[in-house]
Amino acid sequence: MPEAILSLSGVVAGYGEVVVLRGVSLSAEEGKITVVLGSNGSGKTTLMRTVMGVLPPIEGEITFRGESVRGLKTHQIARKGIALVPEGRRLWGDMTVRENLEMGYLLRREGDSLEERLEEVLEIFPHLRRLLRKTARTLSGGEQQMVAIGRALMGDPDMVLLDEPSLGLAPMVVAEVFRVIERMREAGKTVLLVEQNAKKAIEISDYVWVLENGEIRFSGPPEEAEENEKVRRAYLGL
Amino acid sequence: MGRRRSEKKIAGVVTLLVLSSAFVFRRDPFVAHVLVQASLLALISLAWNILGGGCGQISFGHAAFFGTGAYVSAILTTQYHLNPWLGIAGACVSVVFLSLLVGVPSFRLKGAYFALLILAYAHVLKLVALNLEITKGDEGIFSIPSFGRYSFGGMEVNFFTSKGANLFLILLFLIAGLWTGIWMRGSQTGIAMEAVREDEVTAEAMGIDTLRYKLFALGVSAFFTALGGAFYVHYIHFLTPDSAYSGYWSLMPIVAALFGGIRTVTGPVVGAFTLVCLDEFLIKELLPRGDKLVYGLLFVVTILFFPRGILGTWVERQGHGRKKEG
Amino acid sequence: MSFSLLANSIASGLLMGANYALFAVGLSLVFGVLKIINLAHGELLLAGAYVGYFAIRGMGVPLPLALLFSGLSVGIVGYLYYFVVRRIRDDELNTLILTYGVGVILTNLFLLLFTADERIINIPWLTEGVWLGPVQVNRGNLVSGLVSLLIIGGLTFFLARTETGKMIRASSMDREAAALVGVDVERIDRFAFVLGCALAGFAGPLFGIVSHINPVGGEAVTINAFILTVLAGLGSIPGLLLAGIILGLGEAIIVVFASTMFQGIFALALFVAVLFLRPEGIFGRRE
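Residue numbers (this note's numbering), protein chains in the order written: chain A, 1 to 238; chain B, 239 to 564; chain C, 565 to 851.
Incorrect hints may appear among the rest.
Below, computed lysine-lysine pairings styled on BS3-like, alpha-carbon distance capped at 25 Å [to be verified]:
(1) A/K73 with C/K599
(2) B/K348 with C/K599
(3) A/K32 with A/K199
(4) A/K32 with A/K80
(5) B/K364 with B/K374
(6) A/K199 with A/K230
Derived from the structure by calculation, the hints contain no laboratory data. These figures come from a predicted structure and were not determined experimentally.
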């Protein structure tokens, strides 16, 4: 069995006195797409923010490549090779698309030059090439999502976390986003995808976790998830 | 609820304490004068805290209200020859109006706009007082009348000669302010103000008209500050732009409130009495030139290490003790 | 009233506007990045002015060196100040009160050390008039105006083009997103805070050339700096220049027709007008 690159055990986290994650244990295998399904308020975004050290966990352990990342600052965790595409994109609205992408390159300190990384990202999102000089806030939602994913890829991370990347996008763009996620796997990256769009997510996944009320309620390979009665009813509408 | 009840008890003790000390020292002009200063600062600090501690709106320019209150009453009594009581009433009304000019533009926005706008007002009003005819410019206004002479069934009260009489008057204002504060805190209005202080966005989401409560707290605060300013001119009898809009009236109410505890109504009163006594009997002796430096340091140390003040910390401990018993 | 008098006031108003922008730039930077209004900003600027005054008058240090020296020493003070602020910066209200307290301490230190006397950095060469075509301006105003332009321009370039500058902009717009691409946001905070203080210190001697150094004058500097920051829009450095010119020009024209009292009223009116009309500033965007 391949080694888990990221693993959480018994993670409790929340905001102030409100506990959102109530002891979550999950893991993601290297080079695979791991999907976490959950409805609104199930704790998906909190999970992502806790992994990245934006919210320090109250209890539990988080390891990346076998090393504990608990207690590290967000930028230190990011520099270990994890990039998060946050919910709502969080681009720097007053910066140009090029500047937004260049900022993503900060995580890359050796290897490819900035221009090489930029070429690679533009090859994945050719549409962005003619938007480079535009200010980020003037882009459409779909374009912004591409910049956000592109920014994460600029640093050539080993692992990419995506927080609801299909939210609020047109079906064509959603298809594009999922195609890009599959390409990440082909390039050998590990993906942790949090989604409400369960059908599409399960289709491309290697492993599925279901988060409800801050607890893991199901885990298994995609075929099992599709068979599971609860998953079918709650997420696939069957 | 324990906290509110213990606050009332403390307010009662404070009322008795200041009244009895006034009674004891009414014939000692020096001590009476120190007590007048302390009571005046206590009143302004209390007023500052109705807005600052009660509603979370920090003012760095209460001198704007104090000085304007002082000028209005001084002008009404010297140039329009009104009776000082009417002067005081005029001062309070005009300053409450002035407070709207500060509050309406700044309270519509969240953030520290109010804190800086009132500071700007304090500066500009001083500049105006320096330049106007009616305020007599930097010469200032002299011979401002006292509250006069009265006799109640053989007992003579002379505000011009007796420091004691003035002391009882300012104490009356202070006690009025104190119990207004206590009453506000326990009322629906006080609870709404507290919600605004804790989290304005949430308060708004709960349907609280935050602008209205902020303006109300500001109005009450301005009213009592003007009362203090007007009292001051009829006690001191002369007024200059420097004394009216002195940084003292912006800084010291905050120091006293922080020192005593901004989460309580009585804290500023206790803080003011402690500070003025310390100042008169200790700091001025030791450091004749840099006494304000001590306040600056005290200020920073309090906000860093005891953000709830001395009395605030004590009342909280009381509350905890009560919980354990119950 | 002659045309040349008005033309001269307009010229000196423009130069003063550039100065105002420089006097505000430190406050604007700190507010933009850390969202802290540094109410001790004016006092830090005065500290720089005193350092410059004694360096120039006492030791005969040339002006450019005095500027650097003031900037450096106030930057060091800012570094210590940052560690005090950092302790409580999560509490916005207490932080605001703290910065006010630091201003009070500095003011009273000035009074204690330098007495209540007003001082002016009086370099004979700088007090002469210079002809710029048809208008005559004071050389001190001209020099400090040009230095202001240089600093504002340099800072704008730094923020727009350098990596650290981009990190500062990114973390002032969205801290969390900046941390996610590996920006050490706390280091950026510290850097911006110290730079903001150093800029106040650097501006100090220029303030001492165009204006009086009064130990209690810090508050007025802070108020003007805040008005310009709001007028320019949060963290907009080029906007400060335009905002400064609006204030400088307005004051210069008013003083031709009316008394200095109306100068003060003008700044306050500008403040109230911005709060009513465009709280997001001239260059700020409505969200």
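Hints, verified against the model:
A C-alpha spacing of about 21 Å is found between A/K73 and C/K599, which places the hinted pair at or below 25 Å, so the restraint holds. About 13 Å separates the Cα atoms of B/K348 and C/K599, which keeps this hinted pair within 25 Å; it holds. Of the supplied pair hints, the one linking A/K32 and A/K199 holds, its CA atoms being roughly 18 Å apart against a limit of 25 Å. Straight-line distance between C-alpha atoms of A/K32 and A/K80 comes to about 18 Å, which keeps the hinted pair within the 25 Å bound.
Between B/K364 and B/K374 the alpha-carbon distance is near 12 Å, which keeps this suggested pair within the 25 Å criterion. The suggested pairing of A/K199 with A/K230 holds, with an alpha-carbon distance near 14 Å, which does not exceed 25 Å.
Violated hints are absent here; each numbered hint is respected by the structure.
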